[in-house]
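4 protein chains.
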Amino acid sequence: MRIRVAVNGYGTIGKRIADAVVRQPDLELVGVAKTHPDFEARRAVERGYALYVGGDGSPAGFDAVGLPVAGTVPDLLGRADVVVDATPDKVGAGNRRLYDAAGVRAIFQGGEAADVAEVSFNALANYAAARGKRRVRVVSCNTTGIARAAAVVLPRWGVERWDVTLVRRAADPAESKKGPLNGIVPSLHIPSHHGPDVRTIFPDLAIATVAVVVPTTLMHVHVNHVRLRSPPADAAALVEAFRETPRFRLFAPWEGVGGTPQVMEFARGRGIGRDDVMENVLWQEGVTLEGKEAYFFQAIHQESIVVPENIDAIRAMFDLAPDGRTSIGITDRALGLAGR
Amino acid sequence: MRIRVAVNGYGTIGKRIADAVVRQPDLELVGVAKTHPDFEARRAVERGYALYVGGDGSPAGFDAVGLPVAGTVPDLLGRADVVVDATPDKVGAGNRRLYDAAGVRAIFQGGEAADVAEVSFNALANYAAARGKRRVRVVSCNTTGIARAAAVVLPRWGVERWDVTLVRRAADPAESKKGPLNGIVPSLHIPSHHGPDVRTIFPDLAIATVAVVVPTTLMHVHVNHVRLRSPPADAAALVEAFRETPRFRLFAPWEGVGGTPQVMEFARGRGIGRDDVMENVLWQEGVTLEGKEAYFFQAIHQESIVVPENIDAIRAMFDLAPDGRTSIGITDRALGLAGR
Amino acid sequence: MRIRVAVNGYGTIGKRIADAVVRQPDLELVGVAKTHPDFEARRAVERGYALYVGGDGSPAGFDAVGLPVAGTVPDLLGRADVVVDATPDKVGAGNRRLYDAAGVRAIFQGGEAADVAEVSFNALANYAAARGKRRVRVVSCNTTGIARAAAVVLPRWGVERWDVTLVRRAADPAESKKGPLNGIVPSLHIPSHHGPDVRTIFPDLAIATVAVVVPTTLMHVHVNHVRLRSPPADAAALVEAFRETPRFRLFAPWEGVGGTPQVMEFARGRGIGRDDVMENVLWQEGVTLEGKEAYFFQAIHQESIVVPENIDAIRAMFDLAPDGRTSIGITDRALGLAGR
Amino acid sequence: MRIRVAVNGYGTIGKRIADAVVRQPDLELVGVAKTHPDFEARRAVERGYALYVGGDGSPAGFDAVGLPVAGTVPDLLGRADVVVDATPDKVGAGNRRLYDAAGVRAIFQGGEAADVAEVSFNALANYAAARGKRRVRVVSCNTTGIARAAAVVLPRWGVERWDVTLVRRAADPAESKKGPLNGIVPSLHIPSHHGPDVRTIFPDLAIATVAVVVPTTLMHVHVNHVRLRSPPADAAALVEAFRETPRFRLFAPWEGVGGTPQVMEFARGRGIGRDDVMENVLWQEGVTLEGKEAYFFQAIHQESIVVPENIDAIRAMFDLAPDGRTSIGITDRALGLAGR
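Protein chains in written order, with this note's numbering: chain U, 1 to 340; chain Y, 341 to 680; chain R, 681 to 1020; chain L, 1021 to 1360.
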């Protein structure tokens, strides 16, 4: 019997999670909740997703444009084993009581504070920690990216210190109202919140993060500088470790991928849906080792990178897979990530 | 028996035409030619496209990265009934001799001068004119957009005068080297080349076009102002005419599509491949009629709008369909445009 | 005796008007009002401008950072003959009662509705209409640009119809929070508000305006298409008319000014303060005449173009100059516009 | 008697150096050389700068637009004691022979390799090293920014290791042809060339630099992470050290300067010419100290930061000042940097 999944919030993350759920062999999408009708709501209906009214929306708004709704969020929760909360940042925490009242388990996103859930989660890093839990928080896109990389590096060579400069995209592609149009805005509080957030998963990691916001919509880029405890002989070992790990995609120099515009071009032609790049993207040429000091860039697709993590979180909560690698394998094959 | 199609040039347009050809019931892709290996070349191979070396490329370059090539352009031409030239602007004309020597018919893109071919083509506007021709030129993205609109408006209400301000995207999404980053660059020659180019299809249309370049990669936007000879009673008639015509996509106000960022978001989730929007995109709310003066905006996806036109051009040249509407219907169903 | 001028609002427009007032031979700046302390407030103090607290600000906020304030807006009004309201859009109208109560004359900006004042004003177009008035509205940047051009064209050749496509900058350079970052957003209501606003100055002008917003901060660009009643023999006559009119700046092809980035580079080195370009900027090469149809581009610097108009408005209200051209001459010499 | 200075190359850097030279009490500008006529050439003439034809230009081009030229580069060199080479990157080295033949001393910019000159120079860091030299290279904008910061930190607290992530602007404001429009492009070679370049000044500094290019024109932003040998008690000591050093400008939180757009707004109203910010710009709030680990952001105005360094280089070469601090004081007062 499949686990019945509700998705509350149908924006950038929610719509992707819904699409990902329907592709999984062991999950069933019972419906999605959206506050207002728009082309995405119509498309949800066209895809056969049961549409519920969430937030401050009303069924009348959907009726007016001919979109059938199946009820409101409490109705949706009544049909689900677990709800994935993909509402805007800080809204999710307020929904927790509702989920508890309905007796459904819940997954929250990284925009919520860590104490919204029993555990903060990343599939490569701490899959086992979410087993059997009723409330799990999938960390944010940037934290996910760093946690994955740490899950590769830490067990192999140890880490004395990890520094990341996060060069952040200013807005998502479909957001017309955010800037800056021309300029760089540093996040003046150092460390940025990402470092402490990584420690919700790796409590002992000596990590410091600094962030700047730049005028692009496509992807974040992390500049990583890691001092290894026991470094390998050369950078090729680093490249190999990343390459053999799921959810990492490395580009070779001959592939012609100079920056995030070309990564997205790669993604657009990939055929897994939207322009999604759910893996950490590394440039092989940029992986550098000087003594104990390792450097690498990684590009993080803020819109989609947490999607497979949400799927794995469900699997962990309901103990549907023997371990994280198995769950990741199921998820990635279902999403078409493997081998592309 | 299917018509055997070669695609020479595997960039923005060529790769899309190749994908479109393989989806057609009456066409067969015999191969694609590319000058240099990159991730797109690898993907072509993964998709099972026979890869040939074109332009100034050499097989050794492909060998070095493990990509098998089937030969060079003359080899490719020897297996084809028709070649679609999708090489960079002004390169196509130089290839004509090669195509003639091989005895293959040829389609050129709008970056070539009109005299490269016997006829300049748009499926809605002059399908019949390409019937049986050996060399056809599919007009450029902007000209295609205007020609389609003229094909709707002219026969219904007549046109006294058509003015278009083209607000042009500065570069395609995957081009990292073009600007301007922050500024508007007018094309000082008035009329811009687009007006005369539309007249290669509608020789008698009184059209004037003016262009400016702006810092975006997504789509062009045309501001159309048309003085009708015999206007309808209201703008609703215009809306209806566009809505009932294939290759037009109108957004209603409730759909939440305010500008090109949201059009692309619509496209990303569509599932027809890449972020393609092969239709003229209109905003219902922006279609305006004041007396004889009609106004409407249309967004034109420079990367993909000519793709279905290339397919129809092949069908016209080989007389594979009884008329343009039939060909358009076949093409659009195959591409997934109809009903989305 | 100099007219005593207060400036209420010290943002993009207000700070420029203050600087312009102090340069005029017949005006005196009695103070500026600002809501919150920042580097601009400190600079106002450094320049010797008396600083008053406006809006929802409090003197304590200024005290805390060591900036001396001379009082609040009512205090400021008590020392002035006229106040220039440069508060944000729609705030100005609410201030009118305050100005009336203080018995001061007032100038409002184009962000207010036309009925905020007795007359809407442009110095080249209707200087005389503001004579002796107590409340004058200086029209917005785009309307100012069009009104100036109409003031050149209308009396010389008559206008059957004037169409403008406004390609609008999305945000001012110092605004970090506005988008779109990558995209074009059409203003779907046609005509845009600019056309009707021009008619507050030229009531009989047959004008239609359409606007799109693009991701740049520098300048707006207008694409003008004017059908003349009695056209001149050639475009050179148009060029000459613009060239001989104050507040127009034409660039010749050899000057290397291809678009707004180069206009701003011109402005940066000019030495009149900030990067201001208070004139309509035209490209000589883009001025085109085909029969009765005239075309020209003009770039409009949204931050500064209304500044000299505010000065002339004061002069008209207090009858400080015999006519508009005389006032314009005084203003422009004082601002350093003439001959640069 | 003033030192006679020629400026060869009149682009972004050259025109600023010319303006700076004429403001110095002990220097005289004998002329500037430019290849092609444009508005900047006209302005040079208007400012009374003798104009010479450089590079591949010809006097005829200037004659055609009515700009008087005084000769060619050899003529210019014949009137000078020193030439500042501000030609494009890698062109300067080729000019060395010409300068040697003319017997003039020469200053080169950071776009040339270090061996073009006897010494690489920064006024705060190694003024004395350029004394009496015949050929001096002023390091590039980014290297200048780092060298200045190192000149503050090194002597006070020592440096175990200095890491910089350079978030680089993609093009200058007046360049219309460079991208990327939307995306981040990492410089895959690690370390970037900046680290080794800093060591032309501080040979023993353990520094690593990594760079990414982002779509903005205004300023670079450096994210600095410095491990101090003997750290001070708190970050306030760092702030104080930067604040008391010339060519540093710190913004306090209340000043409202969130990012580079607001830094430039500050610069635009400053009145020292163009939008120049010749100082390293730091945000007080971003200066952080955790144990031995110091962090700070600095914004670097690529167009102007090397201008005062060129002036000081001249003074060092001709021994016009007793030491660097004295020269800096003269330069900065002349340029209007002090106290603004």
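Hints may contain errors.
Heads up, simulated DSSO-like pairs for lysine-lysine below, C-alpha to C-alpha not over 27 Å straight-line [claimed, not checked]:
| hint | chain 1 | residue 1 | chain 2 | residue 2 |
| --- | --- | --- | --- | --- |
| 1 | U | LYS178 | R | LYS857 |
| 2 | Y | LYS430 | L | LYS1198 |
| 3 | L | LYS1153 | Y | LYS517 |
| 4 | U | LYS177 | L | LYS1153 |
Partner residues are not named here, just some residues of chain U that face chain L (Cβ under 10 Å, in silico) [stated by the list, open to error]:
| hint | residue |
| --- | --- |
| 5 | VAL159 |
| 6 | ILE190 |
| 7 | GLN262 |
These aren't lab readings, by the way, just hints derived from the structure by calculation.
Where is the CB? At the ideal position from N, CA and C, for every residue including glycine.
Given pair status - LYS857/R, LYS178/U, alpha carbons within 27 Å: Holds. LYS178/U to LYS857/R sits at ~5 Å (cutoff 27 Å).
Restraint satisfaction for ILE190/U [CB to CB of chain L, less than 10 Å]: holds (4 Å)
Status of the hint placing VAL159/U at chain L (closest C-beta pair under 10 Å): Cβ of VAL159/U sits 16 Å from chain L, so the hint is violated.
Restraint status (C-alpha distance of LYS177/U to LYS1153/L at most 27 Å): The given pair, whose Cα atoms are some 54 Å apart, is violated under the 27 Å limit.
Supplied contact hint for GLN262/U, tested at 10 Å Cβ to chain L: Hint holds; GLN262/U Cβ to chain L Cβ min 8 Å, cut 10 Å.
Satisfaction of hint between LYS517/Y and LYS1153/L, Cα-Cα up to 27 Å: Between LYS1153/L and LYS517/Y the Cα gap is close to 40 Å, so the pair fails against 27 Å, i.e. violated.
27 Å Cα cutoff - pair LYS430/Y, LYS1198/L: holds (23 Å)
Checked against the numbered hints above, the structure breaks hints 3, 4, 5 and satisfies the rest.
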